[in-house]
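Protein sequence lines correspond, in order, to chains A and B. Going by the working numbering, the first residue of the first sequence is number 1, and it counts up by one from there. Going by the working numbering, the first residue of the second sequence is number 1001, and it counts up by one from there.
By construction, these hints were calculated from the structure, which means they are not laboratory data. Hints are not guaranteed to be accurate.
Below, simulated EDC-like cross-link-like pairs (lysine to aspartate or glutamate); rule was C-alpha separation at most 20 Å, straight line [what the hints assert, rightly or not]:
1) B:LYS1019 x B:GLU1067
2) B:LYS1085 x A:ASP16
3) A:LYS142 x A:GLU47
4) A:LYS50 x A:GLU138
5) A:LYS142 x A:GLU42
6) A:LYS26 x B:GLU1067
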Amino acid sequence: MIDDLIHLAEHLATYDVGRPRQASLKRAISTAYYAVFHALAELCAHELVKWRAGWPGRAAISRSLEHSSASRLATMARNHELFAGSFLAIGAALLELQRERHVADYDPRPLPYGRDATIARVAQARDTVRLIRQLGPEARAKLAIFLIARHQR
Amino acid sequence: MNHDEIVRVADEILGRELKKAGYDHADVASGLDHEDEPALFIVAYLTNSNEKNNGSLYSNAHVSLRERLRDLGEARFPYLSFRFKGDVEALEEASSLFDDGQ
């Protein structure tokens, strides 16, 4: 599904001939965000329950991955001593995509950027999915635990 | 860090990291993000859209900017968005149509 979401986002960003419709660009941004979100959910599910708990277990893990985890991930990514450097790129891209998804989904005004910038953001999402998938076993386990564990605010 | 210092750092880092994308300049604003956290909002103006599919280019630029600002003591997260030359011209055209009531 993750690759399909990226392909869908790419399709939406380039779908219109001439001036792109706002709905196409906004859906592209939102879809790109969810591709990254689901890549993280998949990582957490794989690391924490694998297929032992079936779809219900994987769904529970996905629901536990709060959207606010993006902020925590970006904060965590500052700590280079404990985590792989690519965490910073993943966290930063996720936080940026999350902010743009909020604008795309909730702000009725036209986006302040156009098709090329949308395509660039979708490309960044695709690269972020690649980074998530390339994490080593130790980094994947750390990331899964961090994202799912409850944190006191 | 103050506004001018952040602009200087953005120019230094993005000028280097986004050279292939035709980095021109950056606008910097500060405020609260969607989670009400203090943040920086940096817009990079780019003249070359041939690199728009190069996702790692933008990720690397963002990480470099974030690290440099953090090293200089800036705690606010720098959101980094892009404006490509063609997009800006199209948006200006659309805006002028709107202003004319069309």
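So, going through the hints one by one against the coordinates:
1. B:LYS1019 x B:GLU1067: OK: B:LYS1019 and B:GLU1067 at ~18 Å, within 20 Å.
2. B:LYS1085 x A:ASP16: Since the Cα atoms of B:LYS1085 and A:ASP16 sit roughly 19 Å apart, the hinted pair holds (cutoff 20 Å).
3. A:LYS142 x A:GLU47: Status holds; Cα separation ~9 Å.
4. A:LYS50 x A:GLU138: With a Cα-Cα distance of about 16 Å, the restraint between A:LYS50 and A:GLU138 holds, given a limit of 20 Å.
5. A:LYS142 x A:GLU42: Status holds; Cα separation ~14 Å.
6. A:LYS26 x B:GLU1067: Violated: A:LYS26 and B:GLU1067 sit about 29 Å apart, past 20 Å.
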